[in-house]
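**Q** Work the whole structure out from these sequences, hints included.
There are 2 protein chains.
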Amino acid sequence: MRLSRYFLPILKENPKEAEIVSHRFMLRSGMVRQNSQGIYTWLPLGKRVLDKVNAIIREEQNRSGAIELLMPTMQSADLWIESGRYEAYGKEMLRITDRQERAMLFGPTNEEVITDIFRSYVRSYKQLPLNLYHIQWKFRDEIRPRFGTMRSREFMMKDAYSFDLTREGAEHSYKKMFTAYLRTFDRLGLRAIPMRADTGPIGGDLSHEFIILAETGESEVFCHRDFVNFDIPPEDVDFDSAEAMQDVFAKWTSVYAATDEMHDAAVFDALPEGERLSARGIEVGHIFYFGTKYSEPLNAKVQGPDGKEHTVHMGSYGIGPTRLVPAIIEASHDENGIIWPRSVAPFETIIVNMKAGDAACDGVAERLYEALTNAGQDVLYDDTDERAGAKFATADLIGAPFQIIVGPRGVANGEVEVKDRKTGARETMTVEAALARVA
Amino acid sequence: MRLSRYFLPILKENPKEAEIVSHRFMLRSGMVRQNSQGIYTWLPLGKRVLDKVNAIIREEQNRSGAIELLMPTMQSADLWIESGRYEAYGKEMLRITDRQERAMLFGPTNEEVITDIFRSYVRSYKQLPLNLYHIQWKFRDEIRPRFGTMRSREFMMKDAYSFDLTREGAEHSYKKMFTAYLRTFDRLGLRAIPMRADTGPIGGDLSHEFIILAETGESEVFCHRDFVNFDIPPEDVDFDSAEAMQDVFAKWTSVYAATDEMHDAAVFDALPEGERLSARGIEVGHIFYFGTKYSEPLNAKVQGPDGKEHTVHMGSYGIGPTRLVPAIIEASHDENGIIWPRSVAPFETIIVNMKAGDAACDGVAERLYEALTNAGQDVLYDDTDERAGAKFATADLIGAPFQIIVGPRGVANGEVEVKDRKTGARETMTVEAALARVA
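Order-wise, the sequence lines are chains A and B.
One gets my numbering by counting positions in the first sequence from 1 and adding 4 to each.
One gets my numbering by counting positions in the second sequence from 1 and adding 4 to each.
Any given hint could be a false lead.
Which copy is meant is left open, because identical chains are indistinguishable; a pair holds if it fits in one copy or across any two.
To be verified - Computed cross-link-like contacts, SDA-like style, restricted to lysine to any residue with a CA-CA straight-line distance of at most 20 Å:
1. 51 to 193
2. 51 to 139
3. 16 to 128
4. 142 to 112
5. 359 to 374
6. 16 to 340
7. 130 to 15
8. 130 to 389
9. 130 to 391
10. 130 to 245
11. 20 to 125
12. 95 to 55
Don't read these hints as lab results, they were simulated from the structure.
**A** Listed below in structure tokens is the structure:
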């Protein structure tokens, strides 16, 4: 992408409303814009990151055997009355009346809708296990939306729903998602720690939050230091094997980890001091096993091998992509801007032409741009006539892993400079070496 | 994808509510499910098609220079009051009050929001031309939603918005989208004919609808037969060249074409009979140039080369992906089911194992499945123990371009059968030849 033809509205000033660093950098780098309180547009740069985050989530959901569909944002109130949650959900639910005076709502979550879909089609245990997910906009009318897209009213959620004949099967399904989440967050460059959690309005008796550690975290968390070095399940882990899933689950729940709500100070304090880790955390995922809480009132049953009807056991599994983006920034930035993990970087390389209009600089920059684009890289080519200082500031702010700096002095020697955004190291090398370095 | 692990809820009976063939086949093949009146879930098979349609739309938008972002579904009423459309839009607009008693709405279109974004960031003509688009859910509370996702209340729309300093520039932008649309519909396997159109509630003085011909079309259309053979602009057409765009536009507007509303019977009837084509049509895209209709009330101005402020000239350009899917089916099906163009087929090949559980058949089917999957094809492998007749019916219904039929008799000779869904031709050949045929 040539910057001269892109839409990248960089803000020079720090926006006053931004209380945390991710919100500040997302506004300054032109990733998002607030349209109304807690409602955001994802500008082109932000949209690129969001797409990459979603692609990784999707790959890991699919790998675990979950199947993607797409439910609507607008739901009928009827199903929520049937499940008993319509009144209980309170003011966070955005209630809407359509032109036929029917009670509708903007879905804050989808347990009811998916259970209705399930009961309409599935009759036999032979069609189980089943895990259906979608990535769709949700709305929760928070009284105090804040921190940009970290806690917004309209937000994107990947929500998966598992259906099993038995509790045992449902626990296998739960551990599949547990494993998929470990892999997902790792690929996003995050170390997420699963912590036993309260089940809140979703209900159920087994639940884990996945928490990343960050100074700006909304809650205090407590865990064993060992988590920092636990191995992530490999790509070829056998999701179909209950034993393999149990192994992952056992390992990752073998030592102490708790959010503030579930914290047991006596147990934690009994750990040797060097093994204790207490910090601020950001929740980036939440998984639930809730048995028949929705299948019972909604009458979702299948015929079992015994020929009898069985109410299915369910779980639900959420990740918020529009929350993950700022969480990644909280975990990876410096005073100059964002430091993207390569897997989700909006651009992998930025080519900074220090003297646009100079035939020699343009020639080298164009050659780099063409070579990297042809190699399938996402490249931003700063071909504008801004002064060099502003270009460097922008490149640091938007945080591509590599910058290739093309200036007249280097070009005269057939050289360019490659800057590693993370370490800040700059190195002069030939064009060919630069291409190899960022490949 | 192995069918035994997929979620493909095939209906045996014809759903009573389906009045048109696309709606019938989309329900029967488990592509969509109605959740409430005019509100649908895209089940896994439908989601795959929708994704492929969107990918093609996106590629052609990007090729033309348009830039993707993502605006929210919920909008504040304030901007619509500012533009003067809040009252005018009537009951089709879903009006919502949030917990703070603020007037909100579920966006039926985005002229106001995008103009607000534009005016917040763009100050100079040097940043123009600019074309920003998104693919997002919209809601129009139609009094009579029908024909499945062809006319639903919650629907997906790709809407692009162009900004130019002058009318001349805006016309160039308009012709870019005109050209991009011709390419988009062609890649979706459709012959779409641009027809001068009424501008309706969007306003403006230049507008074309893109209409495909189909017996079930909602309106009567009239055009010159030559349209059927006009060449589609090539991939490397120069979008930056006003002349190249004018050439495309001139060609595709050189002969008569009109919807019912704009029809001039005298002109049409003057054509030789053999050149007249009158038929039913389905609108699949609509583009508008509306000058300063929104930029004027919303005060979207840039500084021109003359140092003065100029109100920008705008256009908007819509395609409905959730409408395109049934439109493609209307244009391509037979009595047994859908016949997908390869570019948007949910699966390119279906492997039908006629005797699942038979070691020889399983071996050959697995080999085919693995080879095609590794080659990057979207393959559905029917490994279930349904009887052969039901498997054939399903394969025809869901309409993958190719079926590879693996049966015990053929396998004994080292052979399988390849069926071309469109022609119905079946041919016996070796496994290697089958792989080459569907590649």
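**Q** Compare the structure with each hint and give your call.
**A** Outcome of the hint check:
With identical chains, the CA atoms of residue 51 and residue 193 are at most 20 Å apart within one copy only, with a shortest distance of 18 Å there and 29 Å across copies. Both within a single protomer and between protomers do residue 51 and residue 139 lie at most 20 Å apart by alpha-carbon distance, with minima of 14 Å and 11 Å respectively. Taking identical chains as interchangeable, the C-alpha atoms of residue 16 and residue 128 lie at most 20 Å apart only when they sit on different chains, with a minimum of 17 Å there against 60 Å within one chain. Taking the shortest Cα distances, residue 142 and residue 112 sit within 20 Å of each other both inside one copy (5 Å) and across copies (17 Å).
When the C-alpha separation of residue 359 and residue 374 is checked against a cutoff of 20 Å, the pair qualifies only within one copy, where the shortest distance is 18 Å, while the shortest distance between copies is 52 Å. Taking the closest pair of Cα atoms, residue 16 and residue 340 come within 20 Å of each other only inside a single copy of the chain (12 Å); across copies the shortest separation is 61 Å, beyond that limit. With identical chains, the CA atoms of residue 130 and residue 15 are at most 20 Å apart between copies only, with a shortest distance of 18 Å across copies and 56 Å within one. Within a single copy, residue 130 and residue 389 get their C-alpha atoms only as close as 64 Å, which misses the 20 Å cut-off; across copies the closest is 11 Å, which meets it.
In the homo-oligomer, the alpha carbons of residue 130 and residue 391 lie at most 20 Å apart only across protomers (16 Å), although the nearest pairing inside one protomer, at 66 Å, exceeds that limit. Only within a single protomer do residue 130 and residue 245 lie at most 20 Å apart by alpha-carbon distance; the minimum there is 18 Å, versus 59 Å between protomers. Proximity of residue 20 to residue 125 under the C-alpha cut-off of 20 Å is restricted to the inter-copy arrangement: shortest distance 17 Å between copies versus 52 Å within a copy. Taking CA atoms no more than 20 Å apart as the test, residue 95 paired with residue 55 passes in neither setting, with 31 Å inside one copy and 34 Å between copies.
In this structure, only the earlier hint numbered 12 is contradicted, and the remaining ones agree with it.
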